[in-house]
Amino acid sequence: RKEVEQDPGPFNVPEGATVAFNCTYSNSASQSFFWYRQDCRKEPKLLMSVYSSGNEDGRFTAQLNRASQYISLLIRDSKLSDSATYLCVVNLNYGQNFVFGPGTRLSVLP
Amino acid sequence: GAGVSQSPSNKVTEKGKDVELRCDPISGHTALYWYRQSLGQGLEFLIYFQGNSAPDKSGLPSDRFSAERTGGSVSTLTIQRTQQEDSAVYLCASSARGSQPQHFGDGTRLSIL
Numbered sequence: 228r229k230e231v232e233q234d235p236g237p238f239n240v241p242e243g244a245t246v247a248f249n250c251t252y253s254n255s256a257s258q259s260f261f262w263y264r265q266d267c268r269k270e271p272k273l274l275m276s277v278y279s280s281g282n283e284d285g286r287f288t289a290q291l292n293r294a295s296q297y298i299s300l301l302i303r304d305s306k307l308s309d310s311a312t313y314l315c316v317v318n319l320n321y322g323q324n325f326v327f328g329p330g331t332r333l334s335v336l337p
Numbered sequence: 005g006a007g008v009s010q011s012p013s014n015k016v017t018e019k020g021k022d023v024e025l026r027c028d029p030i031s032g033h034t035a036l037y038w039y040r041q042s043l044g045q046g047l048e049f050l051i052y053f054q055g056n057s058a059p060d061k062s063g064l065p066s067d068r069f070s071a072e073r074t075g076g077s078v079s080t081l082t083i084q085r086t087q088q089e090d091s092a093v094y095l096c097a098s099s100a101r102g103s104q105p106q107h108f109g110d111g112t113r114l115s116i117l
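Same order as they appear, the protein sequences are chains A and B.
So the mapping is simple: my numbering equals the position in the first sequence, first residue as 1, plus 227.
So the mapping is simple: my numbering equals the position in the second sequence, first residue as 1, plus 4.
Hints are not guaranteed to be accurate.
Unchecked claim - Capping the alpha-carbon separation at 30 Å, the derived lysine-lysine pairs in BS3-like fashion look like this:
(1) B:K15 / A:K306
(2) A:K269 / B:K19
(3) B:K61 / A:K229
(4) A:K229 / B:K21
(5) B:K61 / B:K21
(6) B:K61 / B:K19
Stated by the list, open to error - Reference listing, derived: stretches of chain B covered by chain A, where coverage requires no fewer than 3 residues with Cβ under 8 Å from a Cβ of chain A:
(7) 46 to 56
(8) 103 to 115
Source of the hints: derived by calculation from the structure; they are not laboratory data.
We treat Cβ as the ideally placed atom computed from N, Cα and C, and that holds for glycine.
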């Protein structure tokens, strides 16, 4: 089993739709969690950290379920500019430290 | 700027040549990472430096790859006797400490002819 797994995608949604991405991780010792977005031929950029109590940043909501080892990202009222690959990232705080999921590609269509 | 800086942005070289890629992390960041990403693929971990500790080299694909970090700041990734399969974007990231999120540079696009 891969250390971090994500919905395979791609997700094609119309503007204004709500879309949710799921991520599971295998190492129960994982310390912290993040969502990154990566635009085509660009570097990954931090979207938001994921806190135990869940957190929201504008149209983006992240949830963490440590018992199920599951992370989610919800995007409301999606915009064309949200089109990107979304990467789930888990911090182990040892070894290579950060493990990146394979990413889920989102295309928001006009 | 205050971000992670990588050079060169692009590098084209012939098979068999050596290349050296440079990363200048955000000032004060103790953790530094190298990844590579082939077109349409995910990030592949290469090496991780944390302060003065021995680096985690577990991701280096062969002994042709090496990296060093001098003075706890700038890092260089060296690829000897390059092969065509080494063609990829090489990304460097740094973080304030191990548990803090990473910030990436723009990457070096390496093409081996």
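Evaluated hints:
Restraint check: the Cα-Cα separation between K15 of chain B and K306 of chain A comes to about 35 Å, which exceeds 30 Å; the hinted pair is violated. With a CA separation close to 25 Å, the supplied pair K269 of chain A and K19 of chain B stays within the 30 Å bound. Only pairs whose Cα atoms come within 30 Å are accepted, and K61 of chain B paired with K229 of chain A is accepted, the gap being roughly 20 Å. For a cut-off of 30 Å, the pair hint linking K229 of chain A to K21 of chain B is broken: about 35 Å separates their Cα positions.
For the hint pairing K61 of chain B with K21 of chain B, the CA-to-CA distance comes to about 22 Å; that is within 30 Å, so the pair holds. Between K61 of chain B and K19 of chain B the CA atoms are separated by roughly 24 Å; this keeps the pair inside 30 Å, and the hint holds. Proximity of the segment 46 to 56 of chain B to chain A, defined as three or more residues with a beta carbon under 8 Å from a beta carbon of that chain, is established by the 5 residues found. Closer than 8 Å: that is the beta-carbon criterion, and the segment 103 to 115 of chain B has 8 residues meeting it against chain A, so the requirement of 3 holds.
When each numbered hint is compared with the structure, violations occur for hints 1 and 4.
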